[in-house]
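We have chain A; now place chain B onto it with these hints.
Residue numbers (the numbering used here), protein chains in the order written: chain A, 6 to 341; chain B, 6 to 341.
Just to be clear, a hint being listed does not mean it is correct.
Pairwise CB distance ranges, derived in the manner of DEER restraints [claimed, not checked]: (1) B/T326 / A/A258: 27 to 37 angstroms; (2) B/D144 / A/L66: 27 to 37 angstroms; (3) B/R60 / A/A258: 25 to 35 angstroms; (4) A/M114 / B/D144: 36 to 46 angstroms; (5) A/A110 / B/E301: 34 to 44 angstroms; (6) A/A259 / B/E61: 56 to 66 angstroms; (7) B/H219 / A/A110: 26 to 36 angstroms; (8) B/H219 / A/D28: 52 to 62 angstroms; (9) B/E61 / A/G294: 40 to 50 angstroms; (10) B/V214 / A/P67: 14 to 24 angstroms; (11) B/P120 / A/I173: 49 to 59 angstroms.
Not the full set, but computed from the structure, chain B residues with beta-carbon under 8 angstroms of chain A [claimed, not checked]: (12) F91; (13) T254; (14) G262; (15) L269.
For the record, the hints were derived by calculation from the structure and aren't laboratory data. Idealized CB from N, CA, C, for every residue including glycine.
Given next are the chains, with one letter for each unit.
Protein chains: 2
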Amino acid sequence: MTLNRRILLAARPDGLVSEDCLDRVEEDIPVPGDGDVLLRVLSLSVDPTNRVWMREEDSYLPAVEIGAVVRAAGVAQVVESRRAGFVTGDLVMGMPGWQDYWLLADDNMASVIPPGLEIDDLLSIYGSTGVTAWFGIEDVCDLKAGETFVVSGAAGGVGSIAGQLAKIKGAGTVVGIAGSDEKCRWVVEDLGFDACINYKTEDVAARLVELCPHGIDVYFDNVGGEILDAALANLAIGARIACCGAISTYNAAAPVGVTHTDNLIMRRARMQGFLILDYVDRFVEAIMGLAPLVGEGRLQYATEVVDGLEHAPNTLNRLFTGDHTGKLIVKVSEPA
Amino acid sequence: MTLNRRILLAARPDGLVSEDCLDRVEEDIPVPGDGDVLLRVLSLSVDPTNRVWMREEDSYLPAVEIGAVVRAAGVAQVVESRRAGFVTGDLVMGMPGWQDYWLLADDNMASVIPPGLEIDDLLSIYGSTGVTAWFGIEDVCDLKAGETFVVSGAAGGVGSIAGQLAKIKGAGTVVGIAGSDEKCRWVVEDLGFDACINYKTEDVAARLVELCPHGIDVYFDNVGGEILDAALANLAIGARIACCGAISTYNAAAPVGVTHTDNLIMRRARMQGFLILDYVDRFVEAIMGLAPLVGEGRLQYATEVVDGLEHAPNTLNRLFTGDHTGKLIVKVSEPA
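Same shape as in the complex, but just chain A:
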């Protein structure tokens, strides 16, 4: 390969990411200057937040500029290094974006990965997905033994791990909310959830009342919107809501309003938003907590790898159509 395929943001998407929002170009492979590192992109993480960064407004990171490469986390391998600490062949975790080659400039965040770890695991269970679930449960939910725990996006990367961690921490009842009978079957039969609501075919509010007769003690929210509202309507006194994601709102033109916020008062409940970005210094703590659970077979996780950079846009869209289970990864190239 002598050219660098890059997928640039040409226009702000309205809803799903369509081809006319993108500019697929082939450019020369960049030449690293002093202090730079040139890397070959191996795998890209497909996350709801990729879509947030495409919006006009800045979020917790600045919006991707029109004409810039689409931002995405991933793993890349050093091809040529002109910076101390990076050696040819090193695997590096960072934000390569949707392209074949990543020129790591001075101020980019990136860390060299110790050898012996699976790349797919680094982008799922030991990456932001697993670590988000870990800190959501450990730091935000304040989950106590015997409590009723509900998670939306239950068959997704974060939700599937959060529900299992809740069960491991002693939750009395763990209820998932997911988008198909097949997903519901997976989280109940394979992951050990007590129940799962198919939000596409069932009345979520009514089912939450049935499945959580004493109210929801902890709700781990990955979706926002109507499902968040249904959870707010059925809180136990002292409930906690961990606001992890709001995927139902990320590409909505007019987001559905949440009407039951007054229940936060009636139930003396708390909603707390969190971002994995704030836990960068504590990643190792989460990985040390997750690894033995994976090793003992107590924590299952699903990863679907899609081969080819060209499929990045459609794969991102699958997060929003619900056509996936577990963590989605785009494989760009094989390690050297």
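Below, chain B alone, put in the same frame as chain A:
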């Protein structure tokens, strides 16, 4: 007076409390049985929550039943006691409801008030109003010196005190939101707020951006709905929202949905609901904190006393039309 005037709930109100939702009756003055206390009602507290209790659904207390006296907090004086701890002439704080005479049965909450306190103060600055503001600021807001503090219902009983307490605790900027230029003038000129937005004539979202250029660190919410949404849209990182009341939703047929809850994630912010009911054991702590501030003239509060039990329904409605400043009290009778 030989009869007990009582205002009963005849039907659930739709919007404001209209006369056809009420049944005004005159009954014999009840005769206390063993363990009962008969009291003459002196003053009633007029609170947004009175309207919440009239709804079909239970809230943090059971809904008022159709045919029962309308529930309200207040101060009453013992006429005849058949219970230890209550002596004729004692002033008692509790939930007398909209009536002339209150028969305190065995399981009612009520506490005898030490002598020397003004009844109106007991229902405002040293009652649930002042104490709610106190614990909201002390326990929920986690306010730090220099922070930007916003309070809605700023000219109301709770809001006017909360804003002053925030200033006393060192908030850098205190912004109120109220419903008339006169109210805005009062909170700025008399209470010392830095600014006040008239939500009836100004664009609250735009004004919050102007007045809080670094975002809102703490939002003390008394109203919910659209104004809560405007605050959510302009949070600083790590913001806290104290959910104290949602008066805009209490008699709304279809509450306005809040669309910016995803900002809780982007800004790693917290919303925490609280109820003064949970602080009954700590009332003294609040009163001890408030009294010196009142004594030193650092805390202003406004009380409007409406004379006559018969005016209780219209006075309650004034909370929702915004036609009042500070705390509203209905005076039923003079102490003996």
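Okay, the hints, checked on the actual structure:
1. B/T326 / A/A258: 27 to 37 angstroms: With Cβ atoms ~35 angstroms apart, the hint holds.
2. B/D144 / A/L66: 27 to 37 angstroms: Because 33 angstroms falls inside the window, the suggested range holds.
3. B/R60 / A/A258: 25 to 35 angstroms: Because 33 angstroms falls inside the window, the suggested range holds.
4. A/M114 / B/D144: 36 to 46 angstroms: 37 angstroms, holds
5. A/A110 / B/E301: 34 to 44 angstroms: Since A/A110 and B/E301 have Cβ atoms about 58 angstroms apart, the given range 34 to 44 angstroms is violated.
6. A/A259 / B/E61: 56 to 66 angstroms: 30 angstroms Cβ-Cβ, so the 56 to 66 angstroms window is violated.
7. B/H219 / A/A110: 26 to 36 angstroms: Taking Cβ atoms as reference, B/H219 and A/A110 lie about 29 angstroms apart, which means the hint holds.
8. B/H219 / A/D28: 52 to 62 angstroms: 35 angstroms, violated
9. B/E61 / A/G294: 40 to 50 angstroms: The hint (40 to 50 angstroms, Cβ to Cβ) holds, given that B/E61 and A/G294 are roughly 46 angstroms apart.
10. B/V214 / A/P67: 14 to 24 angstroms: The hint (14 to 24 angstroms, Cβ to Cβ) holds, given that B/V214 and A/P67 are roughly 18 angstroms apart.
11. B/P120 / A/I173: 49 to 59 angstroms: Between B/P120 and A/I173, where Cβ atoms are some 58 angstroms apart, the hint holds.
12. F91: Status violated, d = 31 angstroms.
13. T254: 5 angstroms, holds
14. G262: Given a least distance of 1 angstroms, the restraint on B/G262 holds.
15. L269: 3 angstroms, holds
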